[in-house]
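Residues 1 to 274 in the working numbering are what the sequence shown lists, from first letter to last.
The reader is advised that the hints may include incorrect statements.
In silico EDC-like cross-links for lysine to aspartate or glutamate, where the CA-CA straight-line distance does not exceed 20 Å [stated by the list, open to error]:
#1 Lys81 to Glu36
#2 Lys131 to Glu145
#3 Lys2 to Glu210
#4 Lys202 to Glu192
#5 Lys40 to Glu66
#6 Lys2 to Asp130
#7 Lys163 to Glu73
#8 Lys8 to Glu196
#9 Lys133 to Asp112
#10 Lys266 to Glu210
#11 Lys5 to Glu210
#12 Lys5 to Asp170
#13 Lys156 to Glu125
#14 Lys5 to Asp130
#15 Lys40 to Asp91
#16 Lys48 to Glu66
#17 Lys156 to Asp176
#18 Lys131 to Glu150
#19 Lys158 to Asp53
#20 Lys186 to Glu196
#21 Lys8 to Asp170
#22 Lys243 to Asp118
#23 Lys11 to Glu178
#24 Lys167 to Asp155
#25 Lys156 to Glu178
#26 Lys158 to Glu145
#27 Lys48 to Asp104
#28 Lys69 to Glu162
#29 Lys133 to Asp107
#30 Lys179 to Glu192
Hints are computed from structural coordinates only; laboratory data are not their basis.
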Amino acid sequence: MKVFKLIKHPKVKLLAAVEEESHPINSSFEGGSKLEGWTKIDVETLYKRVYSDFPHYVIGQPVVSERVKLMMEKDHILLNKVEFLPLCNEDKNIFMINVTNVLDCVDYHRTDIRRFKDGSWMSFENLVFDKAKIPENTYIFKIKETAAVEVFITDKFKDWVEKNKLKGLDFSVVYDLEKTEGEELKQRIAYESVLEQIEQNKEEEFSYDEARELISKGYSMASGAYKMQLDDQGRFWLGDLTKALMYQWIMPVYIPPVLLLQKWHKIEPSNIEE
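Model the full assembly from the supplied sequences, consistent with the hints where possible.
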């Protein structure tokens with residue numbers, strides 16, 4: 001079994017955030033029910049783009065078109081694992097997916113964990129799942145540690161999407177549950193070697209603001225696993241080097257604050273494929 005982080009393709013329709021603070025859409029989605037008190041609400045389009053099966057709500061949970069929702073219900077793939085919460089966009093029905101299937105399935109013996117000074121959990125550096133704790137017929141789930149911010153899908157979900165020729169998801173970030181510890185170690189060594197090479201080859205360093213100015217002049221900038229550059233249409237992209245040694249590219253709505261504090265250096269540009 002393979003597990004993927006649910007990530008939207010850069011070419012999906014981008015939806016604007018709802019400013020009505022009292023609406024449940026602006027609450028934390030950690031696996032609990034949202035049906036009580038939910039009312040259908042209109043969301044605006046920031047960018048139309050090409051794909052609309054899985055629109056991207058900029059600060060929220062997964063969203064699907066009504067067509068995709070009906071297909072999911074017909075095939076019973078997410079039965080009792082999610083709630084479909086009605087939205088409206090351009091006078092069409094769309095639905096936010098509230099994933100209520102929260103699993104305790106992280107393999108803490110094989111996962112690298114960052115902790116605060118008091119020993120409490122901060123984040124995962126190299127996430128590994130315990131296959132035995134993910135039911136065979138799982139399509140979509142969250143984990144208790146990151147339920148508010150991440151959704152995971154399995155190869156069953158990926159196969160269903162591809163079978164139905166649906167567009168708008170990026171399946172590049174993968175966790176292979178069949179991978180042995182030796183294979184994981186080999187992949188980690190290769191990843192760290194690439195990061196070390198990037199670090200060794202850097203020359204003059206720049207602040208984030210200076211880096212953005214250089215990007216506007218055509219340079220590509222890197223900081224650790226992250227990379228920033230413009231494409232041939234002058235659009236800004238942020239890349240994150242995955243364990244598969246490929247950059248996962250997004251057109252960010254905002255820059256994570258931690259990146260604003262890092263030092264950046266010039267690097268050879270990448271070929272960005274949408």
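Taking the hints in turn, this is what the structure says about them:
1. Lys81 to Glu36: Between Lys81 and Glu36 the Cα gap is close to 17 Å, so the pair holds against 20 Å.
2. Lys131 to Glu145: OK: Lys131 and Glu145 at ~17 Å, within 20 Å.
3. Lys2 to Glu210: violated (40 Å)
4. Lys202 to Glu192: holds (16 Å)
5. Lys40 to Glu66: holds (14 Å)
6. Lys2 to Asp130: Status holds; Cα separation ~12 Å.
7. Lys163 to Glu73: The hint holds at about 16 Å.
8. Lys8 to Glu196: Distance ~29 Å between Lys8 and Glu196 Cα, so the pair is violated.
9. Lys133 to Asp112: It holds: about 19 Å lies between the C-alpha atoms, which stays within 20 Å.
10. Lys266 to Glu210: holds (11 Å)
11. Lys5 to Glu210: violated (32 Å)
12. Lys5 to Asp170: holds (9 Å)
13. Lys156 to Glu125: violated (25 Å)
14. Lys5 to Asp130: holds (16 Å)
15. Lys40 to Asp91: holds (12 Å)
16. Lys48 to Glu66: holds (17 Å)
17. Lys156 to Asp176: Satisfied, since the Cα-Cα distance of roughly 13 Å is no more than 20 Å.
18. Lys131 to Glu150: holds (18 Å)
19. Lys158 to Asp53: holds (14 Å)
20. Lys186 to Glu196: Holds, at roughly 15 Å.
21. Lys8 to Asp170: holds (5 Å)
22. Lys243 to Asp118: Violated, at about 29 Å.
23. Lys11 to Glu178: violated (31 Å)
24. Lys167 to Asp155: holds (16 Å)
25. Lys156 to Glu178: This hinted pair holds, its Cα atoms lying about 15 Å apart.
26. Lys158 to Glu145: violated (23 Å)
27. Lys48 to Asp104: With Cα atoms ~37 Å apart, Lys48 and Asp104 exceed 20 Å; violated.
28. Lys69 to Glu162: holds (15 Å)
29. Lys133 to Asp107: Between Lys133 and Asp107 the Cα gap is close to 9 Å, so the pair holds against 20 Å.
30. Lys179 to Glu192: holds (18 Å)
Violation of the numbered hints given earlier is confined to hints 3, 8, 11, 13, 22, 23, 26 and 27; the remaining hints are satisfied by the structure.
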